[in-house]
Amino acid sequence: ETGVTQTPRHLVMGMTNKKSLKCEQHLGHNAMYWYKQSAKKPLELMFVYNFKEQTENNSVPSRFSPECPNSSHLFLHLHTLQPEDSALYLCASSQVGGVNTEAFFGQGTRLTVV
Amino acid sequence: DQQVKQNSPSLSVQEGRISILNCDYTNSMFDYFLWYKKYPAEGPTFLISISSIKDKNEDGRFTVFLNKSAKHLSLHIVPSQPGDSAVYFCAAPKPSGNTPLVFGKGTRLSVIA
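Order-wise, the sequence lines are chains A and B.
Numbering-wise, my numbering comes out as the position in the first sequence, counting from 1, plus 438.
Numbering-wise, my numbering comes out as the position in the second sequence, counting from 1, plus 1423.
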């Protein structure tokens, strides 16, 4: 149990489908993140939420739509994805404003777009 | 622009020997560095960190060394064990004060029994 839970662990979706990834953190952190890991690429930061407010969007296509209803939950809504969006999507949380605190990651959702 | 670089994609080490994983960075504003370990199909887990006010931090079999003048850090694992086989990521928080991490591409360590 890492304190950050992601569901589902695996997802296969067609290019016309709409699906959502869910992340929940039980650590009392005030910041949450979505990262993407594609094959043979570094972890890429997608979105940052501090105190439920989106503070960073790293030029992510609009077919990815994040939602942060409260500081414990983070969603990533997916629609009309492309096969190249297949990747491991990782959620993380941290305590912003602390001293040298690390980010804690969930197990990830392995997404396959067919 | 990749600010954190791990130039060795893979490393094989015999069990019991030392593993040395290297990381270089370009942004002199980075003042805190982390190493994460990742098993297949799992999220990264925090391993060890070092602040720029130190040049060494040790935790059991794991030691991280920081050379600020060379903008280089390394993770030493000794003795290496088969369970250490994983991908190791070097990371640094963005200097803006927020903590989104910038990651290197990772190094896959294989410890051979």
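Take these hints with a grain of salt, some might be off.
[Said to hold, decoys possible] Some but not every residue of chain A turned toward chain B, in silico, with C-beta under 10 Å:
(1) Val442
(2) Gln475
(3) Lys478
(4) Pro480
(5) Leu483
(6) Lys490
(7) Glu494
(8) Phe502
(9) Glu505
(10) Ser510
(11) Phe513
(12) Ser532
(13) Phe542
(14) Phe543
(15) Gly544
By construction, these hints were calculated from the structure, which means they are not laboratory data.
Computed from a predicted structure; not experimentally measured.
Ideal placement from N, C-alpha and C gives every residue a C-beta, glycine not left out.
Consistency of the hints with the structure:
Annotation: Val442 of chain A was flagged as interfacial toward chain B, and the flag holds, the nearest CB pair being 7 Å apart, inside 10 Å. With a cut of 10 Å, the hint placing Gln475 of chain A at the interface with chain B holds, because the nearest CB-to-CB distance is about 9 Å. Interface hint at Lys478 of chain A: satisfied, since its Cβ lies 8 Å from the closest Cβ of chain B, which is below the 10 Å cut-off. A least Cβ separation of about 4 Å between Pro480 of chain A and chain B falls short of the 10 Å threshold, and the interface hint therefore holds.
Nearest Cβ of chain B to the Cβ of Leu483 of chain A: about 5 Å, under the 10 Å cut. The hint holds. The criterion of a C-beta within 10 Å of any C-beta in chain B is not met by Lys490 of chain A, whose closest approach is roughly 15 Å, and the hint is violated. For Glu494 of chain A, the interface hint holds, the least distance from its beta-carbon to any beta-carbon of chain B being 6 Å, beneath 10 Å. The interface hint given for Phe502 of chain A is violated, since its Cβ lies 16 Å from the closest Cβ of chain B, which is over the 10 Å cut-off.
With 10 Å as the threshold, the beta carbon of Glu505 of chain A stays out of range of chain B, its nearest partner Cβ sitting at about 18 Å, so the hint is violated. Hint status for Ser510 of chain A relative to chain B: violated, with the closest Cβ pair at about 17 Å, above 10 Å. Checking Phe513 of chain A against chain B: minimum C-beta separation of about 17 Å lies over 10 Å; hint violated. The interface hint given for Ser532 of chain A is met, as the beta carbon of that residue sits about 5 Å from the closest beta carbon of chain B, less than 10 Å.
At a threshold of 10 Å, the smallest CB-CB gap from Phe542 of chain A to chain B is about 7 Å, leaving the interface hint in force. For the restraint placing Phe543 of chain A at the interface with chain B, the shortest Cβ-Cβ distance is roughly 3 Å, inside the 10 Å limit, so the hint holds. Taking 10 Å as the C-beta cut-off, the interface hint given for Gly544 of chain A holds, the closest approach to chain B being about 5 Å.
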